[in-house]
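Asks: The chain contents come next:
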Amino acid sequence: MEEIKIEVPVEPPKELETLFLPIPKDYVEDTYRKDDFLILVGPQHPGSGHMRLIVRVKGDIIQEVIPDPGYVHRSMEKLAENRLYIQNIPLVERPAIMDSANFNLGYVRAIESAMDIEVPERAKFLRTILAELCRIGTHLYDAAILAVFIGHTTGFMYPFGIRELICEALARMTGARFTSSFIIPGGVRRDVEEKTLRWVYDATFAIEKRLKSFERIFIKNPTTIARLRDVGVLSKEEAIRFGVVGPFLRASGVEYDTRIVEPYEAYEEVTWDIVTADEGDGYARFLVRVNEVSQSLGIIRQCITSMPEGRYVSEQICDDVKGNFFDKFGNLVLPAGEYTTLTEAARGTLLFTIVSDGESNVPYRVRIVTPGWLYLRGFMESLKGERLADLQAIYGSFGYFPPEADR
Amino acid sequence: MQEWQFVMPEKKHKKKFFGNLKAEVIDAKLCCHCAACSAICPVYGITAGDKPIEFPNWVKDCVDCGACVKVCPRWEYKPLNGVGNYVEVISAKSKRFKGQDGAMVTEITATALEMGLIEKAIFVSRDEDWRTKIVTIRDVSQLYDRKVTGTKYCYADSIPALKEAILSSKAVGFVGTPCMVSAVRKMQNSFKKFERVKLVIGLFCTENFYHHQLSEFLLKHKNVDLMKATKTDIKKGKFIVRFVDGSRVSFPVKELEEIIPSGCKVCQDFSAVESDVSVGSVGSESGFSTVLVRTEIAKAIVDKIRERGTAEIKEPDMGAVQKLCDYKIKIHPYPPKKKEEKKEEKS
Amino acid sequence: MIDEILATLMNVFRSNSMQIPLIQPIVDYLMQIPLINILVALILWRPFFAVVIMPGLAVLLLYLLYIVWFERKLTARIQWRVGPLEVARPIRGAIQALADGLRYFFQEAIVHRDAHRPYFVQLPILAFIPILLPIAFIPAGNAVGIKTPYAIQLIVAFLALIPITIIAIGWASNNRFAFVGSVREALMYVAYEIPFIIAVISMIYLYGSGDPYVAVEKQSLVPGAILNPIAFLVFLITMLMATSRLPFEIPEADQEIAFGPFVEYSGMLFGLVMVLAYEKLYIMTLLFVILFLGGWNGFYFEPLGDLNAPLCLFIKTVVVISIIAIVRSMYARYRIDQTLRYSFSWLIAFSMVALGIGVVLGWIL
Amino acid sequence: MKVEKISRSPIAELKRHVDVIQEAFKQALIPDRVTVEYPRERRIYPDNLRGFIVLDRSKCISCFRCAQICPANAIQMSLYDNFYPGVDYTKCIFCHFCVDSCPTGALASSNLHDMAFRSLEEMKVKATQMTRLPTIVREDKQSVEYFVTKKDWKLQRKKELEDISVLRIIPRIKPRRAFCEEPESCLGCRQCMEVCPHDAIVMERCEITLGGEVIGKGCILKVTEKCVGCGLCVRQCPMQILALKEVE
Amino acid sequence: MEEFTKFVRGGILGPIKKWGTKWSLWPVHLVTACCGAELAHAFACGYDGERIGALNYGIARQTNLIIVEGAITRKMARVLRITWEQMPDPKFVIVMGACGLNGGIFWNGYNLVKPSEVVPVEFFIPGCPPTPEALLRGIRQLQIKLDKGVAENSLTFSEIALEKGKKPKVLPVSPKVVSNAPSIVVAVKKAVDWEFGKQLCDRLKAIGRAVITAKNRIALKVEVENLRSAAMKLKDLGFDHVKSVNVIDVPNEGKFIVEFLISSYSVKELMPVLVNLYTEISRKEPKISSLSDIFPSADYLEREMQDFFGVNFVGNPWKGKFILAPDTPEFPLRKDFKLEAESYVGD
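Residue numbers (the working numbering), protein chains in the order written: chain A, 1 to 407; chain B, 1 to 347; chain C, 1 to 365; chain D, 1 to 248; chain E, 1 to 347.
Source of the hints: derived by calculation from the structure; they are not laboratory data.
There's no promise every hint is true.
As the list claims (entries may be wrong) - Calculated lysine-lysine pairs in the DSS-like style (CA-CA distance at most 25 Å, straight line):
# : chain 1 : residue 1 : chain 2 : residue 2
1 : E       : Lys-164   : D       : Lys-226
2 : A       : Lys-236   : E       : Lys-235
3 : B       : Lys-60    : E       : Lys-166
Could you put together the complete structure from these sequences and hints?
Replies: Right under this line is the structure:
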């Protein structure tokens, strides 16, 4: 179709200057000169989280999207340098509170690898259960957000209903619905009773049953499929090039899962499948996560049935955490060096680097690279050439969670 | 608890102990700026750094424990001098490291680290302004950094860092000027914990400077910007600054007279008599360092170096060392008259 | 003089009055009181009753309260929750919409700096004209405002005016999202209006007249939905599209373009624009019931007299709307281009088929 | 494992439509409702739910462990007859590191978690306010719990009201007392004495020896019976010569 | 704000206004931080805030309640204020989550603002995150306030009387031990059983100094000039993406250590391997060439480091602030930017 240029002198609106856009002024002018349109999505927008997307559209087609992150940048890396090692545990789970166990686990494993702490088997299994519960919780959260982004309110309610069970399971196990701060160097904070584990075991079946309802009403909903299929396609090469992580990478056909390539905790002792897809579109990204939920349920069940007896915290640290917490953990000093751990958080690879000077009981530098921050580039690339209405669908299909990316 | 008094030197003035120290050492211009008092102070009130020793508001904040007086090498000062006792003397050059001369301080520390005699060592590094920075050497690889090795000719707060180090590890090595060595020995005598300092390497020294005074002097009088320098040196009575491009500026040390701190003008200890091993360039040919081995532990290290052949070893010229020792006594009389000069070295 | 006018009016009203045996004693009693009697007569005057009481404005208001509550309750039920409740627990929170309305009423109505002030304020009120005018033409048995054989065509014509006001609202808002929303509304307008009108025309062909009475009468045995199921389907889908209901809630699409044209409205003005779609839905459902579900054909209770027909129509309408309310919790939103594609390919094709059926059946009947 | 391909055929599409409609109508008729009607009913949370922190003043030994472990620095010790912790709920993140750090079980967690305050000042809860559970606005008529079976989960409503419970676990820690590991390194700075909240450390005259040789007279610190093992002196000592030791 | 409460309750229509507003508190969708997850729970089927008339609604113009969900950053504070001003009167604000009250765990972070300083707040809900019950309690309290006209806490403390004591002379010290002279070693050699790593390490020796620091971790040091060529060579080896860009500020030694953690998705045996390609640059003029054209995945990570440390990645198209707001302190992650210290004793 031939493009018809309309020669109308257009001036960029004044408000663009006052909004503090992280884009140069001439970019705005250029946009208006070329008959494009700048739409600012967020941060106060029903279909955006805590971030702004500067969308340049030509007609209905997105030309370019510039992210404006940092609306939830809470200076985590700086604060981590000013806290005791143990005090950082609540801090590092704050980027993604629904995925707290995985974040917690990544940080704690970095400490353990530095100090050569052997974690007891039981603690490993308990950690795995927590991590997988959080993974299910996060996938459900993302599914809910995806649903509400494409206008399906029931699809929002069901996952959050199911998440109530996950929260209840976490509350029973750890004492907190979200931010459990339960995993500590050497093990976990408290032993979990058999009764609670049975409850969680039963809950996995209850979750599965409810997920069937969810599948009928949202996952296999024709409108969902219509909205997500063939949008935001990232080919395998692109996904690799832009360093996409986690389920979004697997949706593009790369078989990469940190739990497989660098197994930790009890993942070697349970059987599960790595879920991949070839299409690399929004629906594949969504389906991969849906399938991972059922894998995670399987892992939890296996962990509970084969839960070994024994200690819940390493004897290298202490016998009982209660009452000893400050004395045993308050003064951890890591040997000098740099320790990097990779963890498969729900949304992808989570990287913690701790640099220790070997003398202080606070870290010298903590680098947290969250999955959200890693796949933001791929997310932005996948938006190009799609329609404006697809922005939210793709946003949801990536489950982008700004607090996680901004830290 | 008024009657309580710790075993301590008598107070000379009816003040808190820091007042005594201030009157007797700092104000008497005897202070050598070793920062031992700053390190030992239980309330961390004494400040060192690039300024004369001070305790702001000491009348109120000083807890009057006397620890500073106990460790001060200049309290009831009896100058040490001469070459001192030694069991062996060699002139050597490290094959692994590059340093001021023979890089023997680095070599000895590295060997001690490798032998497991010490867990860490306190070294002085510098930033681009040639301001001194303390580094803790835990790994031999750190010693390859040219900023760590090489002389700085400026005061450094090594002893506070040393105290930090002894609290966190069982065996520590230390490198310092003769006054610092004396301070460490005094600390070891007073407090058992300092016995964790296993290896004390002394440096041949005539005097030391405040960084800001030295850099100002160089900029003002010699138009030398220390930021661009790669190495400073004192050789044969000349202060030499080398630059990245290979050029150099040199002038007689005597010109630096005006900025020599008063504490150095009463010091007669050239060869760090109380150290485990003293190192310096005097007495060796260019590129070599003279190593005065004084104790068993140092002997063991030197033997190890010899055994492994990590250093080239020659015979030193002890006459030159003796000469400088005597020269220092001459130029730095105690009690002070009116006369001085300077020098200090670090591998 | 006044007595004469009153007597004339009284005669006019009494000659064309609703006959409801159930309340006849009360009416008779009130008729004896002067001045009140003229009011009662006016209310029972058929055109007035149709337009203002039933199926007109009063019922519309009641319906609005009901549908907002019912939709929220039904959605909540499907979504494993309870919906509005605590505001009036004994009646399951049925007056929630009233509370919301009151709150809107007393909130500040902001007209922002960049808006075109006169139009921004006028248009939500102007939008009521095309919404309310069809009511005059929708008959409910004997209760009818303006009786004409072209009623259905007129209703369709008036309905077609509503999107124009919405587009104008979006323009007056002078906001990016309102702009995008207006464009979407315009696109949707062309997408649904053609199949919608063809579907209606097919039914007019089928019944052989644009007169609702004829249409209802012809459905006394078989409802129009069975006579022409394809037109029924097309009408249903276009109704969803026309009233911006999921899965075609595209012009408003709150998560994409933040309520599109209505993004800048607040307070009372938003209350007005928010109910636009519901009112439109009401009108269209009335038309839908008349065309496909036999209109006011149904029960007849002697005591209700003339009220039977409006009540029957109303009940059918509410049932249909209540069933339509369920799609809100079933579907996600389609994309604008998908909707346009479906509309221009499938819906128009279907409506053509429906037209064929209408012509053939109309010829047979 | 590859995710299954979604068929694009119109029949499959239609089937999916039917599924959705079926599910929606099923839920409309028999809803699987899970709503906890909060102000009217209270959810029974497990006892270990981390909520409002309660202080048993008689057990508190003023050891500052809670204040110093707090990642948010929400706990500040206020001085009454001794130092007692007060929780600043404007910062508290309910991690309960403090409760786990408390060596005597003076701090305990309750499962009171629904709080709303009108001002920030009132959220700084003092030790005097923490000793008992506060009374809260309660509108609940019944309590509710998630009842999970392998088939599904549902809400179990009980007529009796749920009490707010306090979970106090007394740690299995033997009584400890400070002692001096290396008196020869004592600076004599008396920091330990002065920081001791119980006046348990005194300086006693004695002879100072170094390497077996008496080098002079002086004083040495002594830990008396008053010591409760708070360990403040241990952390305060600039030479780190004190330690905690279990006593019989 | 009190005047809104007064307006809602006042006038002849007061009861109607009050009733309408009380049962129609619609919070605007302003997700400020992670407490939004619990907010969603409160409005989802588990608790269903719609029961009490609160419907989470899209945009500012049609709502009358802001629930601030946790942390308000400097950037978000603007948005919060704008949103608040966009909303029609009367409007109310409830803050949930510790971060929104006083910073919570981020209380001394450099990027946080207290919402109560930005907008007038009616109720505060503690917790991190608060449970949905707590949020509903907050909404209930606001309803009660509209009903009664006065704000009430949801809990009343039973206070006991305690006498204030005398403050001791010495207050306990912080348990934090921060080394004054830290030495940062990125590549600490570790003996691990990893055959493939040793082979790979040998191959990488051609690029720079390669050290195995742990299983699957290799530290590879190159000079600044060789960084790009090293990255190219790594790319040829099959490494295809950057997992992290990290800068370590070592003011002590006047340098930045810049690290690129590079890994591979396309080569199966390289998948677990993480190569830490690092180099050191001067702290005075931090300049390094960007790798974003070789590894596009490094792009945003580099921009972030540019923001935090002021390290100039030459070749990255982005200049200026990316994550931080314009009023954030410059280069906050540098070590010389200090945060407020903890205090343990309150009044």
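Asks: Would you mind marking each hint as holding or not holding in the structure?
Replies: Going through the hints against the structure:
For the hint pairing E:Lys-164 with D:Lys-226, the CA-to-CA distance comes to about 21 Å; that is within 25 Å, so the pair holds. Proximity of A:Lys-236 to E:Lys-235 is assessed by CA-CA distance (about 17 Å); at most 25 Å being required, the pair is judged to hold. Of the pairs offered as hints, the one joining B:Lys-60 and E:Lys-166 holds, with about 19 Å between alpha carbons and a cut-off of 25 Å not exceeded.
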